[in-house]
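Colleague: Chains D and C are the protein sequences, given in the same order.
Just so we're aligned, residue 1 is where the first sequence starts under this note's numbering, counting upward by one.
Just so we're aligned, residue 1 is where the second sequence starts under this note's numbering, counting upward by one.
These are calculated hints, taken from the structure and not from any lab test.
Heads up, the beta-carbon is just placed ideally off N, CA and C, and yes, glycines get one too.
Hints are not guaranteed to be accurate.
Stated by the list, open to error - List of simulated lysine-lysine pairs, DSS-like, C-alpha gap at most 30 Å:
#1 C:K123 x C:K133
#2 C:K133 x D:K300
#3 C:K206 x C:K221
#4 C:K133 x C:K206
#5 C:K211 x D:K300
#6 C:K123 x C:K225
Said to hold, decoys possible - If you anchor each label on the Cβ, the simulated ranges turn out as follows:
#7 C:A295 x D:P57: 32 to 42 Å
#8 C:W127 x D:P57: 38 to 48 Å
#9 C:A70 x D:I55: 50 to 60 Å
#10 C:A53 x D:P253: 37 to 47 Å
#11 D:M222 x C:D198: 25 to 35 Å
#12 D:T30 x C:S60: 57 to 67 Å
#13 C:R85 x D:I55: 43 to 53 Å
#14 D:V204 x C:A70: 50 to 60 Å
What the hints assert, rightly or not - Calculated from the model, a selection of chain C residues having no Cβ within reach of chain D, i.e. all distances over 10 Å:
#15 F4
#16 L6
#17 Q79
#18 A97
#19 G169
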Amino acid sequence: MVLASDPAPELSVPAPLSATRTLLSARLRTVREMPLLAVAIISILCVLAVFANVIAPHDPTLPVENIEPAFFAPPMWSEGGSSTAILGTDFQGRDVFSRLVHGSRVSIIVGLVGTLVAAALGTAMGVLSGYLGRWVDTVIMRITDAWLALPALIFAIFLATLVGPSMWNIVIILGAVFWTRYARVIRGEVLSLREREYVKLAEVAGASKVRVMIRHILPNVMNTTIVLASLTIGVVIIAEASLSFLGVGVPPPAPAWGSMLAEARPTLLTGRWWLTVFPGLAIMLVVLATQIMGDWLRVKLDPQLRNL
Amino acid sequence: MRQFILRRFLYSIITLLIISITIFSLVRIAGGDPARLYSEPGAREEDLARLRAQWGLDRSYPEQYFSFMANIFKGDIGQSFQFNRPVRDLYFQRFTASLQLAGGALIFAMAVGIPLGILSAVKLNTWWDSLGKTIALLGLAIPNFWLALVLLIVFGLYLDVLPVAGKGGFSNLILPCIALGWYFAASFMRLTRSSMLDVLGSEYIKLARLKGMPEYVVIGKHAFKNALIPVVTWAGIYLVLLLNTAVVIEVIFAWPGIGSLLFSGIFQRDFPLVQGAVIMIGVLIVLANFVVDIAYAYIDPRIRLTR
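Given these sequences and hints, build the entire structure.
Modeller: In structure tokens:
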């Protein structure tokens, strides 16, 4: 997007560059190396989510007015479709496109915040466990093992039936389910960082344990956290969609992609394919894009994780 | 070896203990009043009070936990109020159906994933490899429930060649197995590929090639066998996962397995059923992990020393 129009500054000047200039060109090169398709999909999704009110032609929770037929209008390019509802309407006569656009908000918020909660909790636990060792390590790692043993979806379903459906509950549930993956990996990393000389030096110089963990350990595990987060964001989005599909996710009037699929299911075999195909395509594209971004980041940021 | 088994066994017990503590305390923290959770919605207040006294909910938490654990050890993981039967019986009643589905999905996943993994490792950086990588990516990105719905539309509605729901003959198994096994096919592909690459880089493969063996013997006889060891051990874990986590697929295809049981628990707000099923699943998975760990250590003695 931005990249195509940018000139290539680093090619033109072979003479010594100023420090800011090299930094800038290095940044630009990074941008240019990004997987274009994935960046494009993610950017479009973000724009849709932020400007959902402006972009969506209709209210996602109310039926479209002045349209024939009133329910189940097909997409505009197929027979009987109209340009009022480009991707057709659902069983209540609501515009599928508007619901998709608003649904992107749910997916983005749950995906991002859920991942953030999991990453923050998991990284903190991993650092504590790896650096403090002894009983802290034992306790945290036993809990991590036990929680990892329960399949994520089953654990999430259990929690969701306990606390009841709401978007923020889902965010917290997914954070609680997925933090263990971070804790495991980060702990392993901290175990080796702990033995490094600069950490030993900081300890000898009298830095407190908290300071060592925050100033010396944490910055060095951030890359791993970022890579893991970018790789799990897709899993979190699919988990949310699955929960919504089962009816324990984001509650009905809100247009989540998973609930759209659930609503399409009763009329699946009557030929209203657009109700099923579009929300699923949306989920697939987003997860694909985050996955490609994650793979790219992994190679970029952490050569050790290349074979993960 | 005996020491290793003992240690693993102890870990498994601890893991199960922590799972039980987690479930017990989460119910108390998030659910507030278990009597309300365990009874049908709209139950009368005096009935709830009677239940609390009957289940000893007026006792202290440690006491409650011990009776909860004692029940589990006796094999009593709760009574579903929806079916008015022990959850354990309901679980095992659904077990065969789930096993069929899981077995079918596992066969599909292995049949697709293993050959693709081998091809993409042997023909590294060719279009076979790209195909394999694309499938691995799509395996993660396509949600299984959406795949199920699309398969239903294509094969059940437009082509009208396969049954769309229920349990019956072999043809009823095809669509759910593909939908369920899809994600695992991609996993098998990645596992096989990396395991194969590992083996192909080793000394004895180089030696076999230097001896002038034809390539198909090197790959088929020497590399394939060893590369398959981790893949097969993982298959055990995957089978248990497939057996227990097929909720969405079973719901879509109206398959009468453990997943649909769990779903009816969610749908009817039958909390004891959900909790009991989660406990059963936890136990089975910890057990499977234990068995696979032992099998792994048996095959590869280095593991016994490192863990």
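Colleague: With reference to the structure, classify each hint as holding or not holding.
Modeller: Structure-based check of each hint:
1. C:K123 x C:K133: holds (12 Å)
2. C:K133 x D:K300: holds (19 Å)
3. C:K206 x C:K221: holds (14 Å)
4. C:K133 x C:K206: holds (26 Å)
5. C:K211 x D:K300: violated (40 Å)
6. C:K123 x C:K225: holds (18 Å)
7. C:A295 x D:P57: 32 to 42 Å: Taking Cβ atoms as reference, A295 of chain C and P57 of chain D lie about 58 Å apart, which means the hint is violated.
8. C:W127 x D:P57: 38 to 48 Å: holds (42 Å)
9. C:A70 x D:I55: 50 to 60 Å: Holds - the Cβ-Cβ distance for A70 of chain C and I55 of chain D, about 58 Å, lies within 50 to 60 Å.
10. C:A53 x D:P253: 37 to 47 Å: Since A53 of chain C and P253 of chain D have Cβ atoms about 40 Å apart, the given range 37 to 47 Å holds.
11. D:M222 x C:D198: 25 to 35 Å: holds (30 Å)
12. D:T30 x C:S60: 57 to 67 Å: Given range 57 to 67 Å: holds, Cβ gap about 58 Å.
13. C:R85 x D:I55: 43 to 53 Å: Because 52 Å falls inside the window, the suggested range holds.
14. D:V204 x C:A70: 50 to 60 Å: At 52 Å between Cβs, range holds.
15. F4: holds (17 Å)
16. L6: At roughly 17 Å from the nearest Cβ of chain D, L6 of chain C sits farther out than 10 Å, so the non-interface label holds.
17. Q79: The claim holds: Q79 of chain C sits with its nearest Cβ about 17 Å from chain D, beyond 10 Å.
18. A97: holds (18 Å)
19. G169: Holds, because the least Cβ-Cβ distance between G169 of chain C and chain D comes to about 20 Å, which exceeds 10 Å.
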